[in-house]
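For the protein sequence lines, the chains are A and B, in the order given.
Take 1 as the starting number for the first sequence in this note's numbering and just add one per residue.
Take 1 as the starting number for the second sequence in this note's numbering and just add one per residue.
It is worth saying that the hints were derived from the structure and are not from the lab.
From the three backbone atoms N, C-alpha and C, an ideal C-beta is built for every residue, glycine too.
Any given hint could turn out to be false.
[What the hints assert, rightly or not] In silico negatives: residues of chain B with every beta carbon more than 12 angstroms from chain A: (1) 4; (2) 5; (3) 8; (4) 34; (5) 69; (6) 159; (7) 202; (8) 280; (9) 283; (10) 306; (11) 309; (12) 332.
[Said to hold, decoys possible] Just a sample of chain B residues kept apart from chain A, beta carbon distances all over 10 angstroms, derived: (13) 112; (14) 301; (15) 308.
[Unchecked claim] Chain A regions said to be covered by chain B (calculated; three or more residues, Cβ under 8 angstroms): (16) 6-16; (17) 49-60; (18) 176-185.
Number of protein chains: 2
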Amino acid sequence: MLALAGYPLGLRFQFFDPDPNAPAAHLADNMFHTYSEEDALARFAEGVDLITYEFENVPVSAARLLNARRPVYPPPAALEMSQDRIVEKGALSALGIPTPAFAPIGNGSDLNAEIASAIAQTGLPAVLKTRRMGYDGKGQRVVASEAELRDAVNDLGSSDLILEGFIDFSAEYSLLSARNISGEICFYPLVRNVHRGGILRRSQTQTPSAPGELQAIAESYAQLLLKELDYVGVLAIEFFVVDGALVANEIAPRVHNSGHWTIEGAETSQFENHLRAILDYPLGSTRLRGCVGMLNIIGSPPPVSDVLGIPGAHLHLYGKSSRPNRKIGHITVLRDSEEQLNAALEALERITV
Amino acid sequence: MLALAGYPLGLRFQFFDPDPNAPAAHLADNMFHTYSEEDALARFAEGVDLITYEFENVPVSAARLLNARRPVYPPPAALEMSQDRIVEKGALSALGIPTPAFAPIGNGSDLNAEIASAIAQTGLPAVLKTRRMGYDGKGQRVVASEAELRDAVNDLGSSDLILEGFIDFSAEYSLLSARNISGEICFYPLVRNVHRGGILRRSQTQTPSAPGELQAIAESYAQLLLKELDYVGVLAIEFFVVDGALVANEIAPRVHNSGHWTIEGAETSQFENHLRAILDYPLGSTRLRGCVGMLNIIGSPPPVSDVLGIPGAHLHLYGKSSRPNRKIGHITVLRDSEEQLNAALEALERITV
Numbered sequence: 001m002l003a004l005a006g007y008p009l010g011l012r013f014q015f016f017d018p019d020p021n022a023p024a025a026h027l028a029d030n031m032f033h034t035y036s037e038e039d040a041l042a043r044f045a046e047g048v049d050l051i052t053y054e055f056e057n058v059p060v061s062a063a064r065l066l067n068a069r070r071p072v073y074p075p076p077a078a079l080e081m082s083q084d085r086i087v088e089k090g091a092l093s094a095l096g097i098p099t100p101a102f103a104p105i106g107n108g109s110d111l112n113a114e115i116a117s118a119i120a121q122t123g124l125p126a127v128l129k130t131r132r133m134g135y136d137g138k139g140q141r142v143v144a145s146e147a148e149l150r151d152a153v154n155d156l157g158s159s160d161l162i163l164e165g166f167i168d169f170s171a172e173y174s175l176l177s178a179r180n181i182s183g184e185i186c187f188y189p190l191v192r193n194v195h196r197g198g199i200l201r202r203s204q205t206q207t208p209s210a211p212g213e214l215q216a217i218a219e220s221y222a223q224l225l226l227k228e229l230d231y232v233g234v235l236a237i238e239f240f241v242v243d244g245a246l247v248a249n250e251i252a253p254r255v256h257n258s259g260h261w262t263i264e265g266a267e268t269s270q271f272e273n274h275l276r277a278i279l280d281y282p283l284g285s286t287r288l289r290g291c292v293g294m295l296n297i298i299g300s301p302p303p304v305s306d307v308l309g310i311p312g313a314h315l316h317l318y319g320k321s322s323r324p325n326r327k328i329g330h331i332t333v334l335r336d337s338e339e340q341l342n343a344a345l346e347a348l349e350r351i352t353v
Numbered sequence: 001m002l003a004l005a006g007y008p009l010g011l012r013f014q015f016f017d018p019d020p021n022a023p024a025a026h027l028a029d030n031m032f033h034t035y036s037e038e039d040a041l042a043r044f045a046e047g048v049d050l051i052t053y054e055f056e057n058v059p060v061s062a063a064r065l066l067n068a069r070r071p072v073y074p075p076p077a078a079l080e081m082s083q084d085r086i087v088e089k090g091a092l093s094a095l096g097i098p099t100p101a102f103a104p105i106g107n108g109s110d111l112n113a114e115i116a117s118a119i120a121q122t123g124l125p126a127v128l129k130t131r132r133m134g135y136d137g138k139g140q141r142v143v144a145s146e147a148e149l150r151d152a153v154n155d156l157g158s159s160d161l162i163l164e165g166f167i168d169f170s171a172e173y174s175l176l177s178a179r180n181i182s183g184e185i186c187f188y189p190l191v192r193n194v195h196r197g198g199i200l201r202r203s204q205t206q207t208p209s210a211p212g213e214l215q216a217i218a219e220s221y222a223q224l225l226l227k228e229l230d231y232v233g234v235l236a237i238e239f240f241v242v243d244g245a246l247v248a249n250e251i252a253p254r255v256h257n258s259g260h261w262t263i264e265g266a267e268t269s270q271f272e273n274h275l276r277a278i279l280d281y282p283l284g285s286t287r288l289r290g291c292v293g294m295l296n297i298i299g300s301p302p303p304v305s306d307v308l309g310i311p312g313a314h315l316h317l318y319g320k321s322s323r324p325n326r327k328i329g330h331i332t333v334l335r336d337s338e339e340q341l342n343a344a345l346e347a348l349e350r351i352t353v
């Protein structure tokens, strides 16, 4: 989607991906190597002017190796921060951005003492997570007692874990922001996200009843983070809403699934604004074009004709093969009213099981 | 632009182009051969399910050769009709669609008699054109007398010419329409076109003062033509407005430059609707998203930052090298009012000389 947004700007692309079946495989002459092949990374860097990434589990070592040869945006420091839940929550807290209570588990000398101390900080129930490489709800477990926590620690591997306070949220939102090299910043309207089995299913803008005060607070948090990291590109922050207040859950230093609706739903898409940011062009307007929702296509594709027959529906298939729980596309719906939008989303939910 | 619209629908592309520097060269694994290499055309057909074209000077022989192996849309008969101004105007006239008066020159046994007879039909001044391969105002000459016509006939090659009545038009419009395999038809709003030195410079929708009766008449003409040709895909018809009535100038059996604004300016772009049509999917809404204008970038590219700094401007560069009078990109402007739109277009005209 970055390339599709970039070709009209006159840009040319090369992709580095370990998977020869990656969605971008058809879109340019690409390189398929693992991130640990330093020679391949160096050759890749030589062939391009500028490097970005859209996958937050790119090894930081690879990003730094590339950054020594060509500019890499967003900055590898942001990538590093986002890859370790302890570092991430520590950095957010240090900036005064609320997060769930958290404590490390599994890296000290006395596991029992760590467990007791962690529970003292988070209370129960709590959520045990791997510090690294978690996504779509993988590598995490809700625990209600010390005994359950002990079992979960053993199951998840005993080290590099984090215990987080269980958040009884009323809603989940995400804020997409962008900052260019010159420091210009823009924000998209907050979107409300609905997950299913830990996987993002639906994102929806909140017009006309947007939570005005939450938008301003979310933007102030994002601004702190963008400046602290001297950030360049699109940044997503996921929030829980607890008793009407925002609690930051995690950040993603990249274009984000909860912003895919911007292709049709905003004046400038997150993909184009990411490219504008890393090329230091003026950022584009993030204004909504109507009432917008997005539905992820998970597992297998729906009948194309049925989707295109629904007014306001815009289909995006990624060219990925079908597999349970795999996000293989999304549908954006753009309508004039919330009622029309909800009707279309409900019709689409029935055909994209 | 067809490919960029098609990738999100899950489509894969191969391009056949004689020019290895064609804009699509970066977007897929392509074949670069002349249209007369039958073996190459046959191999191309074997590698795809369906074939379309976006250049009306593709030789009809190549289109027919391909069509014997795979479906080719729009139908080669439409391509053939559009390539010969005599056949084209004859077909339009036969359907009752008004055209300028016209007469062939240069294919009879007595050139003097042909010239006299042609002038009798068209009057003077008149426009002498080559019957084939004309575009962007090339291969045509306005003549005010029989002597000028004689000179022009010699200059343009003496055969395969057409003399057309000179049309003193108040405006030029084009109508984009689409028809899918099942016969579903849709129309875009008429756009007003402004040419500069024979080359399309600006296309602009006419909101809120759209010429309502002209829209209905243009649609009725298009409907006749779409059905007559059993047409599949996007069809453009260019009209002159003379004394408030529409006179058809020419047709283009393809996505058309005067419809490039639909990428941002309509709910569904002409490119997506062309693909929907040839795949027999339901056609998408052609509703305007606001006040829309398009400016062609001719010759050399403007500074990207300056373009992107203008509110509502969306840049499209085709990856073509600079050359005088060559269309190398376009800019769409989408705004809330005609005033804002005109201001933005004027600002853009200053930076895209």
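(request) Output the numbers, in ascending order, of every earlier hint that fails for this structure. (result) Numbers 1, 2, 3, 8, 9, 10, 11, 12, 14, 15, 17 and 18 - these are the hints that the structure violates, sorted from lowest upward.
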